[in-house]
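2 protein chains.
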Amino acid sequence: MALKIVALAGGVGGARLVDGLAACLPPENLTVIVNTGDDFEHLGLAISPDLDTVMYTLAGLANPDAGWGRADETWNFLESLGRLGGETWFRLGDRDLAVHVERTRRKRAGETLSEITGAFCRSLGVRVRLLPMTDQPVCTIVVTTEGDLPFQEYFVARGCCPVVRGFRFEAIERARPAPGVLEALRAADAVVLCPSNPFVSLDPILAVPGMRAAVQSRPVVAVSPIVGGRALKGPAGKMFGELVARPGPAAVAAHYAEILRAIVIDRQDQDRAAELSSDSLAVLVSDTVMRSRADRRRLAGEVLGLAELILQSEGTA
Amino acid sequence: MALKIVALAGGVGGARLVDGLAACLPPENLTVIVNTGDDFEHLGLAISPDLDTVMYTLAGLANPDAGWGRADETWNFLESLGRLGGETWFRLGDRDLAVHVERTRRKRAGETLSEITGAFCRSLGVRVRLLPMTDQPVCTIVVTTEGDLPFQEYFVARGCCPVVRGFRFEAIERARPAPGVLEALRAADAVVLCPSNPFVSLDPILAVPGMRAAVQSRPVVAVSPIVGGRALKGPAGKMFGELVARPGPAAVAAHYAEILRAIVIDRQDQDRAAELSSDSLAVLVSDTVMRSRADRRRLAGEVLGLAELILQSEGTA
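Quick mapping for you: the protein sequence lines, in order, are chains A and B.
Residues in the first sequence are numbered from 1 upward in steps of one, following my numbering.
Residues in the second sequence are numbered from 1 upward in steps of one, following my numbering.
Watch out, some of these pointers could steer you wrong.
Same chains, same names: a pair is fine if it fits in one copy or spans any two.
Stated by the list, open to error - When the alpha-carbon atoms are kept at most 25 Å apart in a straight line, the in silico SDA-like pairs for lysine to any residue are as follows:
| # | residue 1 | residue 2 |
| --- | --- | --- |
| 1 | Lys-107 | Gly-44 |
| 2 | Lys-107 | Arg-83 |
| 3 | Lys-107 | Gly-85 |
| 4 | Lys-107 | Pro-137 |
| 5 | Lys-233 | Gly-147 |
If you are wondering where the hints come from, they were derived from the structure by calculation, not from laboratory data.
Sequences and hints are given; from them, build the entire structure.
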């Protein structure tokens, strides 16, 4: 019988593993809890970058090259906005824009982010359950040597250049797990931490009050987002370097220490597997770079196999 | 010396004559006061259809075939919105959308509609002064045998089908002429009523408190929007038929009776010019259908000539 899985995901790496999991599991067995700490308002529109990346990926609409946005996108809105003197640093494509405009309209009409996300997924034929970590606004602030920066400003406008000293998740104390989140975790056989940025993608999810305890109550398997000492996309490697010292699978495992039961690391980091050895942590070495849809499915299958193994060892313990 | 002109305009016909006037006059000699009674909020965005039609026409960006929207437009936003289950009855193109998103953002930031319109015109190289009739929200309601309908619902969603009984301009009593409107009228040698719908394009402008008296204090020249018994675009002919009986130049002249000094009617209506004969009304018969930019300029020149004639006759009276 297929496992019941809850996956915690941020942007592109997370979206790809989730797509692999969706290919391996019946849709009712997979719930994805997505980071909303990067959500922000831009041009008066409610933008949810990670939710959209996961949704577009599952709907088969994601840009296969960039870590965001849609395939077959056009940029006439942005060009026209630029001519009017509007802000164009955050790139909104013509097709993508419909999601932000409609999400904003529905929010103003009183719908919650999880209701809107559910409606969008139904319209786009996404059958896996996609949930924001919370329906309340939370804002990830990157504390840098050049001051505190909201995530998108650090990430897009400043190109991740400022040196990071830490993070703050504003208003997290008032956030509650979105409806269905705790129920899904209670019903899950295992939790998968996708290869997303630990600091700005998965930590905000885990910081929602009640979330960490609920995650910790299940066997947790992570896929390291650090491969060969750096992140495939985004600033996770740079952040580890600035905050912890040496980016690598051991740093990732240490980051999730209290909750982690097993980790998948890349073959490039095989010689560093020894750093991870511990009685309580299972380590699988594999190819974690997901270039094709087949890669996603294969890696997801290995993650599920690892979860199965942990469950069996628990059953026989 | 070139005349100082204030033109009152609604949508496409008005925009075309304004474009002709702009080609005949130095930009500082032309102020255009545009209807905002059709303005509405759609998808949470502030839409100003007539302001945009005039602005796009003067900027050389208007769709040459439709009476609205931009040339070289794409529709990926709308297609994507439809797939999400959003409302697509009001057609918003990708390029056009930038104006609505940026206008909405600026309005929320506290800018007035006339400030925003001025900024857009500067960005798009429109040197003629374009002013909304008012910065306060006014809503044209079409009273029909099927109930009261906001203009866009009557016009776009219902295709002008319901039989019209009258009009209401909601909140007009709280509207004030936009900054610069009364000053421009005071300084004008003549006022031009463009060939726009009298009921839903020019009447809202004239209904702004203080506007009619200011217009009436100057010589007023109209171009009839009714040609051969019908409007070239839009429901003006149908409205005349439902409200007044026979649509024609006499009905137009009667509509503006108190303020009108001269009218340009189309050659197709030459045999009905006699209905207009009056000592106090000058009538010019010409070709009023503006197919080309040359047509616009020629008709504008004739309108200016007619205004000149009235001014001279006043001077020698």
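- Query: For the identical chains here, do Lys-107 and Gly-44 meet the 25 Å Cα criterion within one copy, between copies, both, or neither?
  - Reply: both (12 Å within a copy, 10 Å between copies)
- Message: For Lys-107 and Gly-85, with the copy left unspecified, which applies at a CA distance of at most 25 Å: within, between, both, or neither?
- Response: Answer is between; shortest inter-copy Cα gap is 15 Å, intra-copy 27 Å.
- Homomeric proximity label, Lys-107 with Pro-137: Cα distance no greater than 25 Å: Answer is both; intra-copy 12 Å and inter-copy 23 Å each pass.
- Item | Identical-chain pair category, Lys-233 with Gly-147, by Cα at 25 Å | Within one copy only: 24 Å inside a chain, 57 Å across chains, cut-off 25 Å.
- Item | Same-copy or cross-copy closeness of Lys-107 to Arg-83 [CA-CA at most 25 Å] | between (29 Å within a copy, 18 Å between copies)
Comparing the model with each numbered hint stated earlier shows that all of them hold.
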